[in-house]
Structure formats: structure tokens, C-alpha cells
Amino acid sequence: MDHQSTLSDALLRQLIAVGQVDILVGLPTLNNAATVTDVVRAVHVSFARDFPRLRTVMINSDGGSTDGTPELIRSSSLSEADTLLTSHSLRTLHRVLAPYHGLPGKLTALRTVFAAVELTQAKVLVVLDPAGPATSAQRVTELISPIARSEVEFLTPCHRRHPRDGVLVTQLVRPLVRALYGVALDEPLGAEFSCSGRFASHCLERDLWEHEVARFAIDLRLRTEAIAQGVAIGQIWRPPPTGAGARTTLREAVQQVVLALIESLRAHASFWTATNGIAPLPTWGTEPDGIPNAQTWDYEAVAGQARHDIGEIHPLLEEVLDSSLLARIIGEASASELRSDDELWVKTVYAVAAAARQGRIGAEHLAGLFVPLYLWRAAAFMARAAHETDVAVYQGLESLSQTFLRLKPVLVDSWSAEV
Amino acid sequence: MIQEIAEALAQSWSNFTGAFVLFVPRLVAATIIFAGGFIVAVLARRIVRSTLVSLRFDRLATRTGASEMLRVADMPSADRLVAKIVFWIVWTGFVVSAVDALQFEPLRGLVQQFFLFVPRVLLALLVLALGFLVGNFVWRATLLGSVNAGLPGARLLSGMLRLLVIAIAVVMALEQLGLATSVVLTAFAIAFGALMLGLAIAFGLGGRDAAKQLLEQHLRAQQEREPDATPHL
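In order, the protein sequences belong to chains A and B.
The first sequence runs contiguously to residue 419 in the numbering used here.
The second sequence runs contiguously to residue 233 in the numbering used here.
No lab work stands behind these hints: they were computed from the structure.
Every value quoted in this text rests on a predicted model; they were computed, and no experiment measured them.
One should not assume that every hint holds.
Unchecked claim - Derived contacts from chain B toward chain A, CB cut-off under 10 Å, selection only:
hint: 1; residue: Arg26
hint: 2; residue: Val53
hint: 3; residue: Ser54
hint: 4; residue: Leu55
hint: 5; residue: Arg59
hint: 6; residue: Glu68
hint: 7; residue: Phe137
hint: 8; residue: Leu143
hint: 9; residue: Gly145
hint: 10; residue: Asn148
hint: 11; residue: Ala149
hint: 12; residue: Ala154
hint: 13; residue: Gly178
hint: 14; residue: Asp228
hint: 15; residue: Pro231
Every residue gets a Cβ at the ideal spot worked out from N, C-alpha and C, and that includes glycine.
Put together the whole structure using the sequences plus the hints.
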């Protein structure tokens with residue numbers, strides 16, 4: 001496939017003018033005027049101060065911001081203090097702006113950046129989240145260095161989280177990815193990462209970009225791809241996410257994540273069905289002190305909605321779950337007490353994954369059907385955690401992770417069964 | 001006089017024996033066709049059934065929602081039903097052939113008509129199957145879409161849409177069979193038109209303001225109620 005066709009003529013001309021580079025920083029933006037200036041400045045200081053002998057370029061891939069984000073990037077300049085720091089730069093600091101006109105979402109933005117990596121033959125790619133945690137030059141450098149020194153090929157941030165925070169991650173994505181892919185990845189959904197140019201080229205060759213499902217949850221897909229390809233992966237401590245990104249409704253987010261998980265499981269079946277245990281990952285940086293506060297949400301209202309929705313989709317659940325499993329779910333949802341059994345939850349997740357394999361029901365419908373089940377689980381987790389100490393909640397999360405691992409053979413068997 | 005009666009009787013007897021001599025072989029042939037047809041039909045049913053089982057036809061039926069509809073209608077499973085349909089088509093073909101072998105004048109041409117009718121039956125069955133397939137897809141998509149959009153009456157709405165799609169398929173199948181075409185089409189057009197007109201009047205004229213208010217309230221409440229994903233990510 002000609003990946004240069006992904007790039008517009010204007011961007012192609014700009015990249016040709018830049019020539020070969022060593023480090024490429026991609027900055028996908030969409031209405032990030034509030035934070036983007038600081039991010040751009042941090043990138044430039046990092047380039048000039050820490051990598052003065054390397055050829056660098058920062059590419060902004062903007063999805064049609066209406067708040068003047070591209071103009072801010074174009075006009076942002078180094079402050080006096082920054083200038084003092086960067087006066088020893090030996091290379092031109094390139095800055096390329098690339099509005100894209102494809103489908104909205106991060107997928108198109110990242111594809112543009114990956115194609116630029118291949119064209120410029122960059123050895124290091126860093127993708128920053130302009131709405132993510134406050135970015136400093138030091139943090140940009142930390143993302144670049146392990147890849148530049150070839151210590152690792154894919155570096156993904158990890159955060160110190162409150163045990164009640166990020167329920168979709170702690171109750172589904174993290175334990176599932178850990179159990180199936182066999183690595184102790186903390187943040188499978190993180191928006192930032194860095195990787196080698198070689199891995200970026202590999203991803204361009206794969207059909208990651210053709211699926212509508214990967215449009216929003218491409219971050220998850222890239223991480224599972226890296227693990228399945230045996231790429232050396234590491235983690236780096238970063239500040240917790242600020243949640244200042246574009247608002248996504250919970251139901252949309254759950255559906256996108258489930259679709260990306262199904263896509264990953266299908267793509268890497270031969271890998272994860274043969275993987276055992278959970279291997280630790282090398283981690284860079286220092287674990288931040290203190291636990292950030294968890295964001296609060298009305299879990300009782302969510303539970304009420306989930307209870308209603310599970311009743312509504314009961315005939316569909318019958319098609320996916322076996323009768324005993326469904327009876328237990330209905331039993332939980334009908335009970336006055338808000339609770340969810342770990343083993344039942346894991347079996348439900350695996351049953352939905354197996355249904356995706358068997359093709360009894362389309363992946364989009366499975367993702368939609370999974371939403372009420374997740375809402376119930378999330379609300380039940382919050383109800384239980386509300387009365388527990390942080391230590392007990394952490395232990396509960398670890399126990400859930402072990403349950404996912406212990407019951408993995410159930411999924412492997414049903415996945416391997418003849419369809 | 002007696003002579004004439006005797007001749008008439010003799011003629012009748014002669015005609016009867018002649019006809020009987022002609023009829024018996026036809027009857028025997030018809031009986032053989034009838035019995036042989038039954039055996040062939042039973043064999044065809046078994047072959048079709050085992051083929052469908054090996055092809056996991058029941059899964060397809062479950063996926064299309066046909067199994068559920070059959071269960072509700074207290075009918076056999078989809079593979080059994082298809083096997084039964086094949087049995088009856090094959091056996092009916094043989095029965096018609098057997099009747100034709102008797103060479104009853106009023107029933108002449110029955111075989112030809114039957115075999116002209118079979119493709120239409122098969123086409124009608126295909127239309128019905130597609131109707132179930134599309135109807136079930138629409139039902140599933142509407143149910144999930146409505147539930148996740150927080151719309152009230154998701155099951156009712158999705159069920160009605162599935163019923164509508166299947167009703168259209170049934171009408172198309174009946175039209176294909178040529179059964180009471182005008183009556184069915186007219187009834188369907190009247191019912192469908194009345195339903196749509198009723199809805200249009202209810203929402204567009206009679207309850208315009210109320211509908212507007214209701215929708216605005218619902219959308220506003222939906223936006224306020226819909227939880228943000230941020231604390232979950």
C-alpha cells in the first residue's frame with residue numbers, strides 16, 4: 001500500500017523539505033487551545049536542550065479545531081527563558097501543521113503521523129496527548145530517551161490511580177489484557193506513547209487502519225499489537241490524566257473499547273491462546289507520591305439504568321449467554337442489594353468474547369449489548385468499594401485480575417472450539 | 001325385450017370389465033408411485049435433516065431470529081421444519097403423479113401445474129427467510145440503539161419494527177404464491193397506510209406541541225443524564 005497517499009500534497013511537500021529525521025513528535029489535536037501552547041513549548045525545549053545533535057520534527061495533525069488550535073501552534077514561540085535553555089541547538093527545530101480531512105477521530109490523525117514517520121525514516125515516534133497531563137520538557141524527554149537508546153521499542157505511560165478511579169480500565173480492560181496477553185500492562189487505553197520507527201512502519205503494513213471499530217480506540221489496538229508482535233515494551237510513570245479531553249459519553253466509550261478488544265482478540269488469537277501467566281514490564285521514572293482523588297459519579301443512578309436496560313435486552317442476552325449464567329446475572333440485577341460477583345463478571349466477559357468468535361451476533365451488537373452489563377458491574381464495584389479501605393479495594397482489583405487469569409482456559413476452550 | 005336387456009347388460013359388463021382391465025394397472029401404478037413416493041419423501045426428509053444438522057442450520061436460524069419465532073408459534077425447530085417442507089413437497093409431487101397416473105379426466109394437467117408451482121413456493125420460502133433475517137437484524141439494532149440512547153419503550157419499538165418487516169415479507173411471499181393477492185395487498189396497504197397516517201396525525205398535528213415538548217424534555221434530560229466517560233477511563 002502506498003502510505004504516502006495518506007498524506008496531503010501540502011504535508012508531503014513540507015516533510016520532503018524537512019528530510020530525514022531522528023525523532024518525530026506527533027501531536028493530534030481537536031480543540032485543544034487551552035493546553036496546546038504549553039505542550040508545543042515543552043516539545044521544543046526538549047528537542048533543543050536534550051537532543052541538540054539529533055534531527056527532530058513536530059507534526060501537528062489537527063482534526064478541524066474551531067478554537068484556533070492550529071493558529072496557536074503556528075504562532076507559539078519559545079519564551080525568553082526557553083530561549084536561554086535552547087540556545088545551544090545545533091539543528092533547525094521543524095514544526096509541521098497537517099490538517100486532515102478524513103474521518104474524524106484519532107485514527108486518521110495517527111495514521112497521518114505514522115505515514116510521516118515512514119516518509120522521514122524517523123527512528124523514534126512520540127505521540128502526545130494535548131489534553132493529557134501537564135507536559136513538561138522533562139516528560140517529553142523521558143518518553144523519547146528509552147526508545148532513542150534502543151532500550152525498548154514501545155513505551156507506554158502508567159499512572160498512579162485512586163483504586164476507585166478508571167472503572168472501565170480496572171474492571172475490564174486492564175485485567176483482561178493482562179490475563180490474555182500475559183504482560184502486566186497498567187494502562188492499555190493511554191493516549192500517549194512512544195515507539196520505534198520500525199514498529200510504526202510495521203503498524204502501517206497491518207490492517208489496523210481499515211476498521212471502523214479502531215477509529216477511537218486505536219490506542220488499545222496499538223498496545224495489543226506491540227505485545228502480540230513480541231516488541232520490547234516498557235512503562236513510564238506519568239502524572240494522572242486530567243480528563244480534560246473531548247467529552248465522550250460513557251456508553252460510547254464502553255462500546256468503542258469493547259469493539260477494539262474484540263478486534264484485538266480476533267487479530268492475535270494465535271498469540272493469546274498460547275500465552276500463560278503475567279510477566280512484569282520494565283518501568284522507567286519514579287512512581288509519584290500520594291494517591292490522586294477519584295472522580296465521583298452517581299453509581300446508584302447508573303445501577304438503576306443498568307437494571308432497566310438488562311431487563312430490556314433480556315431476549316438478546318439469551319442468544320449470547322448460557323441459561324445458568326444469564327439466570328445469575330438477572331438474579332443479581334433483580335436483588336435489592338447492589339452487588340456483582342467477580343467470577344460471574346469474568347465469565348460474562350469471556351462469554352461475550354466467545355460469542356464474537358462464534359459470530360452468532362455482530363461485534364457492534366455485542367458491544368451495544370455489553371454496555372448495560374458493564375454499567376451494572378461498575379455501579380456494583382463502586383457500591384462495594386465505597387465501604388472498603390483503599391488497601392482492600394486494591395486487593396480486590398488484584399483478586400479480579402487473578403480471576404481473569406484463572407478462568408482464561410474457559411475462553412481459550414470456547415475460542416478454539418470449531419465454529 | 002329380454003334380448004335387448006341382456007344385450008345392454010352384456011355391453012355394460014363388457015364396458016365395465018374393459019374399463020376395469022384398463023383401470024387396475026393404472027391403480028397399481030398409482031399405488032406404487034404413492035408408496036414409492038412416500039419412501040422417497042421420507043428418505044429426502046432424513047437426508048435434508050442430517051445435511052442441515054451437519055451444516056449447523058440451527059445456528060443460522062437462531063441468528064436470524066427464526067428459531068425464536070418458531071418456538072413462540074409452538075412449531076418444530078428450523079431444521080425439522082425445512083425437512084418437513086421438503087418431505088411434503090416431494091410427497092405431494094408423487095401424490096399428484098399418482099393421481100395423474102389414474103388418468104381422471106378432470107385432474108389432467110395437475111402434474112404440470114404442480115411442478116410449475118414448486119419454484120414459486122421455494123421463492124416464497126426464500127423471501128420469508130430473508131424477511132426473518134432482515135427483521136431480526138432490525139429488531140436487534142433498534143433494541144440496542146434505543147436502550148443505549150435511553151429511549152423509553154425500546155422493546156415495543158423494536159418488536160413493532162420486526163413485525164413490520166416480517167409482515168412485508170409475508171405479503172411478498174403470498175404475492176409470489178399468488179394466494180389472494182389483491183386481498184392481501186389491499187389489506188396490507190390499508191393497514192400500513194392507516195398506521196402511518198395515524199402516527200403522522202398524532203405527532204404532526206394533534207399532539208404537535210405536546211410531542212415537541214416531550215421530545216425536547218426527553219433530549220434535555222437525556223443529555224443531562226448521560227454519564228461522562230471520563231471517571232471510567
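Status of the hints after comparison with the structure:
1. Interface hint status for Arg26/B: violated, as the beta-carbon distance to the closest one in chain A is roughly 53 Å, over 10 Å.
2. Interface hint at Val53/B: violated, since its Cβ lies 14 Å from the closest Cβ of chain A, which is beyond the 10 Å cut-off.
3. With a cut of 10 Å, the hint placing Ser54/B at the interface with chain A is violated, because the nearest CB-to-CB distance is about 12 Å.
4. A hinted interface residue such as Leu55/B counts as satisfied when its beta carbon comes closer than 10 Å to some beta carbon of chain A; here the least separation is about 13 Å, so the hint is violated.
5. Using the Cβ-Cβ criterion of 10 Å, the hint placing Arg59/B at the interface with chain A is satisfied: the shortest such distance is roughly 7 Å.
6. This hint holds: Glu68/B has a C-beta 7 Å from the nearest C-beta of chain A, less than the 10 Å allowed.
7. At a threshold of 10 Å, the smallest CB-CB gap from Phe137/B to chain A is about 8 Å, leaving the interface hint in force.
8. A distance limit of 10 Å between C-beta atoms decides the matter here; for Leu143/B the minimum to chain A is near 6 Å, and the interface restraint holds.
9. The beta carbon of Gly145/B is positioned within 10 Å of a beta carbon in chain A (closest approach about 7 Å), and the interface hint is therefore held.
10. Look at Asn148/B: its Cβ gets to within about 5 Å of chain A, closer than 10 Å, so that hint holds up.
11. Hint status for Ala149/B: holds, given a least beta-carbon distance of 8 Å to chain A, under 10 Å.
12. Evaluation of the Ala154/B hint against chain A yields a held restraint, the C-beta minimum of about 5 Å falling below 10 Å.
13. Proximity of Gly178/B to chain A is violated relative to the hint, the smallest CB-CB distance being about 35 Å (cut-off 10 Å).
14. Hint on Asp228/B holds. Least Cβ distance to chain A is approximately 6 Å, under the 10 Å limit.
15. Of the supplied interface hints, the one on Pro231/B holds, with its beta-carbon coming within about 4 Å of a beta-carbon of chain A, less than 10 Å.
Going through the hint list in order, the structure does not satisfy hints 1, 2, 3, 4 and 13.
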